[in-house]
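Here's the letter readout for the chains.
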Amino acid sequence: MTSLRELALSTIQLSKDYGDRPAVLPLDLQIPFGEHVALVGHNGSGKTTLLRMVAGLLDPSGGSARIGGHLSGSTPARAALSWLSDTPTFYDDLSLREHLDYVARLHGVSDSKARADELLVRLQLENRGDEIPTTFSRGLRQKAAIAIALVRPFQVLLVDEPFVGLDEAGKQSLLELLDEAAADGRTLVVATHELAFVDRVQRLLALRDGELVYDGPPSATDVHQLVRAG
Amino acid sequence: MNAESVNAASVNAASVNDRALRAMRRTRQAHRLGNIEWFDAAYRAYLVGIFGGGSLLWISSSIQDETVGAASAADVAAHAPSILGLLVAFVLLAGLRGGAQGGPVALEAADVMHVMLAPVDRRRALLRPALQRVRGSIFTGATAGAIVGQLAGRRLPGTLLAWAGGGALFGASVAMLWAGAALLAHTLITRSSRVPRWTATAIGFAVVAWQSAAVYFSFRDGSLQILGPVDAFGSLGLWGWRQHATDLIATGVGLMAVIAGLLLLSRISLEALARRSALVAQLRFAVTMQDLRTVILLRRQLNQEHARRNPWLHVRRSTEPASSPVKPATKSKAANRSRALTRAVHRRGWHGLLRFPATRLVRLSALAVGFGVLQAAVIRGTTPAVLGSALVAFVIGLEVMEPLSQEVDQPDRTDSFPVDRGELLARHLLAPTMALLPFAVIAGVAATLAIGSVDAIAPAAIFALPNLLAGATGGVVSIVRDAPDPFSADKQQSFVPPEMAGFGATIRLLWPIVVSAFGCSMVFILRVAVDNGGPLVGAAIRGAVGSLLLAVVVGYWVKVRDRIRRKFKAFMAEGRTQALGAR
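In order, the protein sequences belong to chains A and B.
Every number in the numbering used here is 3 more than the matching position in the first sequence, counting from 1.
Residue 240 in the numbering used here sits at position 246 of the second sequence; the count goes up by one each step and never skips.
Just so you know, these hints were derived from the structure itself, not from any lab.
Treat the hints with caution; some may be incorrect.
Unchecked claim - Here are some chain B residues pointing at chain A (derived, C-beta under 7 Å): (1) Asn11; (2) Gly63; (3) Ala64; (4) Leu111; (5) Ala112; (6) Gln219.
Cβ coordinates follow ideal geometry from the N, Cα and C atoms, glycine included.
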């Protein structure tokens, strides 16, 4: 049996309900280090709730989630996990560069300039670094959030609907950045409706009404049906 | 990548991140200070000082209530600690409930996402916002306490200065108790500790019940007296008059609660912080814009107060033949159309009212009790209580007139109905007015008990509903006034000098409360009758008629407001056209 410390992400009977409405039914999940996972499901199937619980942003109704064997929300888990939300959030008095510097420093990186510059160029934001991201359009905000999520060190990356609002160039850049992270041995869990992305992962998880209905390689199932079957 | 690298990352980050947090907060504070227009800020402080402080002193000094006699003073000394304690018990209940629902700390949404998810010491990161919250509460409590204290000092023994100081100490202690209770409830009543959320409410109600028993027995002649759990706080409220060193236990308890809450900060729920961060930002903006309706809506969301899925009662379907409220028709059919519109709006009103959650009903009941007690205080000679009752009635009005507010909140839908907006809004007053009845009964019973005489029963039965309705009209004015106005004079206002614009905004904010105060002032008719030994029932009927007249006037204003504005706008446009033609 695999020990929890050998797993990048694990859940034991993790569940969430809002009163009498279940959002995620008790879920046991084991994702080893370095695995590249896509999470699919129709609207309201529980993808975001599951990811937010793992990130420590939602209190589970039952069970627990662990990152590298550490309870989610604990200091080591926060150090290891990077969370890219579908609703980017920024300070309204910091430029994008200041955001990148701040977040990197909060994660123990005192000099992040080279990495920040690289991310800005690759996400076509090199001329926007000194602007305030709260004034950006939807797509630019998404790109800025991606840069912030990737500028800091991490072992596990949780991503929720990263392609929403991105133009084709942005989507391509993001795919390349995710591929690089996977090649570096990072664990990726990406919730998405973008079926083209699903072909790139090793493992597919499908949720329906809060229940895990598929866990296996994407090639072994009809992904379209899993996503539509809500 | 493996578990060891996870630990290594954590250790590496911990050594740098706290310094980064402090450095960035300093930078951001410098940004904010740099963005402040100091002259403008000083000018605003000057205006608040002149108008706020000056008005308060003027109103206070113009109240000529007599100093109470020795017997009444003895009554106050005997009962005030337990009665004030009851107020404190309710504050404690509010703190515990607020904490269990995610209060009292609120962070920026970006702080939740970037700082709280970083490997920083969460207690340290949260300490500053939590201290700011506690500090703000203490300041508000102390200011309110000082104001009420100096008003009390005009009728009770002791100097005004002592009463203001004692009131400030009382207010600050109660605020500390509130903040500490909220922090403790938030950090101790969590899913991980397996303590259900209702525990906070149960503890709060237990304290309220115990303190209520203390109040009850303090009024009974007999040897049995119960010491209330928060009597020490109540006794501290009389420090402007006499000082008992043991009352400082209350201040100590408040302080200890705050310290304990701050020590447990790292247990604060990130889910609650994330939920509150966006709402609190909107709430601050709404307060800045003096948008009372939005403030109330956001506070409900903060308290996770949602309409019931199943109504308390089901509204029966009408069995009368259907009649379209919109179909053009003859004169006799026009009456049918009007009735159909009334029925449709009335029915919609009850659908909403019957979905009020239990917490809102309890809150409204508590407000009704407060309204009755304050009105009784006016009758017994405490003039400033009329302002308190006006504020309470105003809030009751805002709460009960929810169907009207919902209509006003959806201007696009309202304007898409092929009916006159004024006609529609006026019909929305009917169901909430009927819904006021049970709260009027509660207020009447509370007033009768506070007066303590059977002679008060008949006047209270006659006067309670019209009086509460008149007080609630301020809420109606506030709701309807904030409706989007196609005939708005915003463009003209943009040329108004800042001083006049500020003055106009203040008047705009206060006007609905003035209407409520006017409605509540009908109680002076009863007070005059009591003072002169006149017939109370006759006075109650006169007061009720006056109250109903005000309610009718406000209802009519709701109905014709748009028409009046339209005519006024046309009149002004015609005048301008003629003036240009004359040139």
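field: Violations among the numbered hints, reported as their numbers in ascending order
entry: Violated hints: 2, 3 and 6; rest satisfied.
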